[in-house]
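FYI, the numbering for the sequence shown is 1107 to 1222, going by the numbering used here.
Quick caveat, the hints were computed from the structure, so don't treat them as lab data.
Values in this document were obtained by computation on a predicted structure and should not be read as measured data.
Each hint should be verified, as a subset may be incorrect.
Said to hold, decoys possible - Okay, the calculated beta carbon distance ranges per label pair: (1) Ser1123 - Arg1209: 30 to 36 Å; (2) Ala1120 - Asn1158: 29 to 35 Å; (3) Pro1147 - Ala1180: 34 to 40 Å; (4) Leu1117 - Asp1167: 34 to 40 Å.
What the hints assert, rightly or not - Straight-line distance between alpha carbons at most 30 Å, and here's what the computed DSSO-like set of lysine-lysine pairs gives: (5) Lys1170 - Lys1149; (6) Lys1170 - Lys1192; (7) Lys1149 - Lys1192.
Glycine included, C-beta positions come from ideal geometry on N, C-alpha and C.
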Amino acid sequence: QVQLVESGGGLVQAGGSLRLSCAASGSTFHIRVIGWYRQAPGKQRDLAALINEGGRPDYPDSVKGRFIISRDNANDTVYLQMNSLKPEDTAVYYCMTVTWTGRTFWGQGTQVTVSS
């Protein structure tokens, strides 16, 4: 089992920045891929950023050049630096991980609201 706890969400004006954190605990040595998904009201949950076991990031086009994901393996924490935020970035952001055994775990989510 892996437990994920997100923090760092909040309200920010368009053009501003936020940094999300996700602290992992439990069987963290099983973690292979870790990252962030987001879900806006009435929409499906979509990828925001992922980082694999080798440290290679993956971003959808909608956030490339604005979001940066980083992974601190020593502290079992993953960060999402979000810059130049837009109202369309408003969503609940969920931390997720896929283990080497193929299991997926999710955090409880943190709200990010970007005002125009």
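Hint check, failures only: Hint check: 4 fails alone, others pass.
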